[in-house]
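Enquirer: Each chain, letter by letter, is given below.
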Amino acid sequence: MWVADEQQRAMLDTVRRLCDRDIRPYVQEMDEKAEFRREIFNRFGELGLTGILIPEEYGGLELGYSTSTLVLAEIASVSAAYAVSIMVHWLCAAAITTFGTEDQKQEYLPRLASGELMGAWSLTEPNAGSDAASLRTAAAHQDDGYILNGTKSFISNGGAADVYVAFTRTSADRYSGITAFIIEKGWPGVSFGKKENKMGIRACDTRSMIFEDCYVPTSKRLHEEGQGFRVAMTMMDAGRINNAALTLGIAQGAMREAVKYAQEREQFGKKIGDFQGVQFMLADIKVGVETTAAIVARAAYKKDHGLPVTADASVAKMYSADVAMRAAENAVQIHGGYGYMKEYPVEQFFRDAKIFQITEGTNQIQRVIIAKRMLQGEV
Amino acid sequence: MQIAVCLKQTFDTEAKIKLTGDGQIDSAGVNLIINPYDEFAVEEALRLKEKLGGEVVVVSVGPAQVQESVRQALAMGADRAVLVSDPAVAPSDHSQVAAVLAKVLQSEPFDLILSGWVAIDDNAAQVPARLAEKLNLPQVNMAVKIEIGGGKATVTREAEGATEIVEVPLPAIITAQKGLNEPRYPSLKGIMQAKKKELKLLTAADLGAELGASQVKILQYSLPPARQAGKKIEGEPVDSARELARLLREEAKVI
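Residue numbers (my numbering), protein chains in the order written: chain A, 874 to 1252; chain B, 355 to 609.
Please keep in mind that the hints were generated in silico from the structure rather than gathered at the bench.
Glycine residues also receive a C-beta, built at the ideal position from the N, C-alpha and C atoms.
You can take every hint at face value.
Simulated restraints on C-beta separations: (1) B:Ile474 x A:Phe1148: 35 to 41 Å; (2) A:Glu912 x B:Lys571: 47 to 53 Å; (3) B:Ser381 x A:Ala1244: 49 to 55 Å; (4) B:Leu577 x A:Arg882: 25 to 31 Å; (5) B:Ile474 x A:Glu908: 34 to 40 Å; (6) B:Gly589 x A:Arg882: 57 to 63 Å; (7) A:Glu919 x B:Thr508: 25 to 31 Å.
To list a few chain A residues with every Cβ distance to chain B over 12 Å, as calculated: (8) Glu908; (9) Asp1016; (10) Thr1024; (11) Lys1068; (12) Ile1083; (13) Asp1195; (14) Glu1220.
Which chain A residues face chain B? A few, computed with CB under 8 Å, are given here: (15) Gln880; (16) Arg890; (17) Glu919; (18) Leu922; (19) Leu934.
In isolation and in its complexed conformation, chain A is listed as follows (with noise of 0.2 Å):
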C-alpha cells in the first residue's frame, strides 16, 4: 500500500518481513489446530509493536491511530487472528491509559508496552450481544472491595491474556449502573471456560470469562463506580477504527493473492487474468481497498488530533467489513475450485472476514449510529 511518510514506511517493512517469517509458514496450521502461539506475540513485543498506542512516559511509542492502522493493516494481511489479538491489546491498554488512575498506569501500563503482558477487553455476555448495557454480572460491595459474580463470553485473547478491563453491574440502572474494572489472570475466583470452535480468525483464543465470588480491591476499579459504560462506549471509536484497518488488511491480503494466481493460473490457453470476467472482479477489490483506505486513514488523522470521530469510526468498520467480505469472496472466486481448498490463502480470509460484520457492533447497528448522528445534525 501507498505510505506517504519515510518512517511509517520502514516500520511497515519490518512488520512486513516479521510477518513473511514468523507467521505466513504457519498460518495454515495454526489454523487447523486453532492454536495461539505467545511467542509471535512476544515478537510483536520485541518490535515495540505492543506499545504502538502507549504514551512515551508509560514505555510506548505514542505513535496514533494514523500509525496502528497501517500496522494492524499489514498483520491482518497475513493473519486477521494475530491482528485481533493485538487489537484487543492495544484496546485495554488505551482503556487504562485514558481512564487509569495514576497507579494504575505506572503498575500495568510499561509492562503492557513491551509485551510482558497481554491485554484483553471483557465485556460481551451470553444475553448481552449489541445491547451491551444489559450486561448483568454482578460486582457488590464487600469490605474495601467488589466481589464479582457472573460470565463474560467470546473474549478474544481470552485465557491467553494477562490483563482484562472487565464490565459489570454495579447497581440496577440500566446505563449508570456499570462498572469497569482490571482483572488479572490467575486471581482466585477467575477462570475461563473451553475454547470456542470458531468459523474463522481460530488462532485467536476466544474463551469465556467466568467470576465466581471474585474479590477485587477497589484499587483496581476503572475509573468511577457507575462509569463503566462511559469507558466502553468513549473507547468504542478507536476499537471501530483499528476493526476497520484490520479488515483492510484482510482484503489487501484477498487482494495480493487473488493477482498472484490470475497471473500465474492458464484456462483455454491464455492467464485467467487476460479475461475481462476476472479483470472486473480484481478492480472491484482494488477500489474497494482504496477507498476503505482512505476512509480510515481519514478516521485515524482525526481520533489523532481530538476530533469528533463517532461517525466516522462506524462508516469506517461497516465499509470495510463489508469490503473485506467481498474481496474475500472474490479472492475465492478468482481461484475457482482452488480456493475452496485450505492450501490456498484466501479460504482463510473468506472465513476470517465474516466476523468482522458481526463483532465490535453489527454492521446493523453501527448503520443505526451512523443515521442517527446524521439526523442529529452531523452531516
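Guided by the hints, dock chain B onto chain A, whose structure is given.
Expert: Just chain B, lined up with the frame of chain A:
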C-alpha cells in the same frame, strides 16, 4: 571497539528483473534492500558492540536513495553513517567504489571492518578484497563465526565445503557468509531513533579520492534463456527405460 560496516543497496531478492529496450536493467518499481550478506555484517557488528562496547559506523557508496538502506542499518542499532553519494563514482566500477570506501575508512581509526562477502546483484565479490589491498589489511572471507579477543579475531570460515579456523591480528577486514547470524529487524523505536542519528553525505571530492576515468563499461545485460520444455518418453516401460538410459548417457551425459 570501533567497527565499520560497508554495505551496498541491492534489488530485493524477490524482484523480477526486467530489461529496457537498450539492454539496461529497468529499476522502476523495484523494492530496494540492504544486500543480505551485508545485513549479516551489520548484525555481527551490533552483536560485537553489545559485547565489547564501542561504536558501529555504516559506510556506503551510491545514489541518494541508498539513504533509506543506511537508515535501516541505523534503525537496527548502528551509531552513525557515512554515505558517499557522487555521480562521478560508477557503481559498476569496483575499483572506484573501493577507492572511495578506502578514503572514508582511513579518515578515522577502526579496529574491525566488516562487509558481506558478495553482493547479490552483480555477484562480483570484488570490493572487500580491493579494500584490503588498498588499506594494507589482512582479510578473512566468508566468515560463519567471529570471536574477538586480545587484539585478534578468531574466524571460522567456509572453505571448499569444509570449515577453516583462522586467526588474524586487528584491524582486519572480515566478510560475512550466510549462517554467521540471523539479522534482527529494526524495532519501531529504533526506526524513530535512526532519524536523529548522524548520516554524513559526502562526495568523492570531499574525501580527496582520485577516481580517474571508470575502467568498467556495462555494454548490455541479457536475461538467461527461457527454460526449455522437457522431453517425454512414450512407450512400453521396458522400451522407455532403455530410451531414458540412452538419453541420460548420450545426450545429457550424466551417467
